[in-house]
Amino acid sequence: MKEGNKCIDQIINVQMITNRGEVVLQLDGKSAPLTSTNFLSLVDRSLYDGSYFNNVIKDPFPYIVRGGYQGHKYNLDLDAKLENQSYINNKSIALKNIPLEIKIRGEDIPRYNELIFMSDDFKRIVLTHRRGSLSMARSIGLNSANMEFNIALKDLPELDGRYSVFGKVVKGMNVIDLIEEGDVILSIKRIRN
296 MKEGNKCIDQ IINVQMITNR GEVVLQLDGK SAPLTSTNFL SLVDRSLYDG
346 SYFNNVIKDP FPYIVRGGYQ GHKYNLDLDA KLENQSYINN KSIALKNIPL
396 EIKIRGEDIP RYNELIFMSD DFKRIVLTHR RGSLSMARSI GLNSANMEFN
446 IALKDLPELD GRYSVFGKVV KGMNVIDLIE EGDVILSIKR IRN
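Each residue of the sequence shown is one higher than the one before, counting from 296 in our numbering.
Bear in mind the hints are in silico, worked out from the structure with no lab data behind them. Bear in mind the structure is a predicted one, so any value in this text is a computation, not a measurement. Note that CB positions come from ideal geometry on N, CA and C, so glycine has one too.
Straight-line C-alpha distance at most 27 Å; calculated BS3-like pairs for lysine-lysine:
id: 1; residue 1: Lys484; residue 2: Lys391
id: 2; residue 1: Lys391; residue 2: Lys463
id: 3; residue 1: Lys463; residue 2: Lys325
id: 4; residue 1: Lys463; residue 2: Lys301
id: 5; residue 1: Lys418; residue 2: Lys463
id: 6; residue 1: Lys466; residue 2: Lys353
id: 7; residue 1: Lys325; residue 2: Lys418
id: 8; residue 1: Lys484; residue 2: Lys463
id: 9; residue 1: Lys353; residue 2: Lys449
id: 10; residue 1: Lys484; residue 2: Lys301
id: 11; residue 1: Lys391; residue 2: Lys301
id: 12; residue 1: Lys466; residue 2: Lys325
id: 13; residue 1: Lys466; residue 2: Lys484
id: 14; residue 1: Lys449; residue 2: Lys466
Label-pair ranges, simulated between beta-carbon atoms:
id: 15; residue 1: Gly366; residue 2: Val319; range: 21 to 27 Å
id: 16; residue 1: Asn469; residue 2: Arg400; range: 27 to 33 Å
id: 17; residue 1: Asn438; residue 2: Met413; range: 17 to 23 Å
id: 18; residue 1: Arg485; residue 2: Ser414; range: 34 to 40 Å
id: 19; residue 1: Lys325; residue 2: Asp354; range: 31 to 37 Å
Generate the whole structure from the sequences, applying the supplied hints.
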């Protein structure tokens with residue numbers, strides 16, 4: 296996404312085609328504008344096409360599938376494409392790494408780079424980790440989300456307030472349940488209204 300482009304502030308659906316089948320993801324730009332815009336920017340540039348599901352945790356109980364892994368291609372191609380981009384602010388963006396983004400009911404804008412610990416705030420998180428939720432993967436750093444994403448295989452309240460949920464699976468959860476490590480994202484495209 297070029298500098299000066301605004302964050303999305305609406306619901307947008309994207310179609311993800313995997314080697315296991317079709318999934319429709321709904322991005323919530325109202326509650327997670329920065330994270331949704333980052334994901335959509337990567338979708339629009341076809342950067343997820345040919346990426347892998349590299350972390351699938353199903354045992355001893357269903358947990359997550361992680362997608363968007365580019366392996367060595369990530370280090371060479373993606374860094375070159377994103378080299379001069381960085382997070383600017385929550386209204387106008389050009390992205391490389393993005394911050395933790397959590398929307399709390401009753402607050403005008405999401406909180407950035409702030410883990411949620413307070414019981415009252417925790418209860419007011421708008422987008423929580425339910426079965427089928429879409430969230431950004433990150434390392435220990437709160438400002439480290441980039442391309443990889445998680446889809447929850449069950450409700451995971453222990454992740455609420457620690458990872459940016461920005462959407463959900465609205466069609467094809469049965470396909471997500473079939474995903475194994477090494478499966479491929481063939482393409483992700485916007486669904487035009």
